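Novice: Produce the entire structure from the sequences given, and follow the hints as far as they go.
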Amino acid sequence: MNWRRWNNIIHRDLGYLCFGLTIVYVISGIAVNHINIWNPSYRIEHLKSSIKPIPAGTPLSMNTVTGILAETGETGLYKNSFRPDPETLQIFVEGNTLTVNLASGEVLQEKVKARPILRQMNFLHLNHPKKLWSWFADLYALSLGLLAVTGLFVLKGKKGITGRGAWLTGTGILLPLLFLWLYY
Amino acid sequence: MKKILLPLLAFVLCTATTVCSYSGLELGKPVTLKQVTKISEIEKNPEAFVGKKVLVSGTVVEVCSSRGCWMNIASDTPFEKIQIKVVDGVIVFPMSARGQNAYVEGVVEKLSLSKNEAIDYYRHKAEEKGQKFDPATVTGAETIYRIRALGAVIEH
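Read top to bottom, the protein sequences are chains A and B. To convert, note that position 74 of the first sequence is 74 in our numbering; the numbers rise steadily by one, no gaps. To convert, note that position 142 of the second sequence is 142 in our numbering; the numbers rise steadily by one, no gaps.
Don't read these hints as lab results, they were simulated from the structure. Among these hints, one or two may not hold up.
Stated by the list, open to error - Dumping the calculated DSSO-like pairs for lysine-lysine here, alpha-carbon to alpha-carbon at most 30 Å:
#	chain 1	residue 1	chain 2	residue 2
1	A	LYS130	B	LYS132
2	B	LYS52	A	LYS52
3	A	LYS130	B	LYS29
4	B	LYS29	A	LYS131
5	A	LYS52	B	LYS29
It should be emphasised that the depicted structure is a prediction, and the values quoted were computed from it without experimental measurement.
Specialist: And the structure:
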């Protein structure tokens, strides 16, 4: 068997092996690229409502918290509460944070839900698991490199690396350099 | 013997309240310190802690929703909190940590910001929270003390 046949076998089989994770990286890559305009891992919903104001100096007890939760219709599991300043009470329940202005009775709710699938994809893409996953991701990156190199030599002739392929490969190298020149 | 043992036992029980026994979601490097430093102590005299490794504990009251690269934990004194910062991606604090108790081991750091740097700092924080920012709220240079986290445990 000549070297090109081996090259094509490696390219084909690595392509199959890398398909799944490449799709994960494609979707997550686009998602996290635009982190300045959206949250790729969580859906955050803000709701405004109001409760009966709580007069200054009223001691805040668990009953007060329970009353606020009942007034706002929040039934999630209570976790904790915090007073960032004398006028404000924050109540943390599962998936929701209620920020209550005690004097005015204004309540701002911040409901957080993880984006299904996308959050898991970002988790892998951004290497949050660390540990063994780091090594696996390195192996995947090396495989992508090998895919790229073997890809250059799949075809021979005019459409291969000695013809059209050379122009396209050159363009692919020049494009990121152009952006470096523009922005770096 | 009892005269020695009883006060000794009382001392051990008292100090035991400041020694943590943590279990939960472990993030970053393992927490090695045993003695918890009160956040109020750091805030009372931050200069004394700059560059020192500490273990703090408190309720997580805010988490960076964009990257999970910082969180605020409540102090043991009312109306106070401290920021816990990590290098993006090294530790990612989950949004679900809000309202839960956390133990954080890290180094206290001091940020001395000029007025312009402070404006940039607060603008960036507002952007992360998706809030509007008015530069006029920054009136001058600022010093911020925060903890550069090495490891954390978010209790379930």
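Novice: Compare the structure with each hint and give your call.
Specialist: These are the hints, each one checked on the structure:
1. LYS130/A to LYS132/B: violated (35 Å)
2. LYS52/B to LYS52/A: violated (46 Å)
3. LYS130/A to LYS29/B: Satisfied, since the Cα-Cα distance of roughly 11 Å is no more than 30 Å.
4. LYS29/B to LYS131/A: Judged against 30 Å, a Cα distance of about 11 Å means the pair holds.
5. LYS52/A to LYS29/B: Violated, at about 46 Å.
Consistency with the previously given hints fails for numbers 1, 2 and 5, ordered from lowest to highest.
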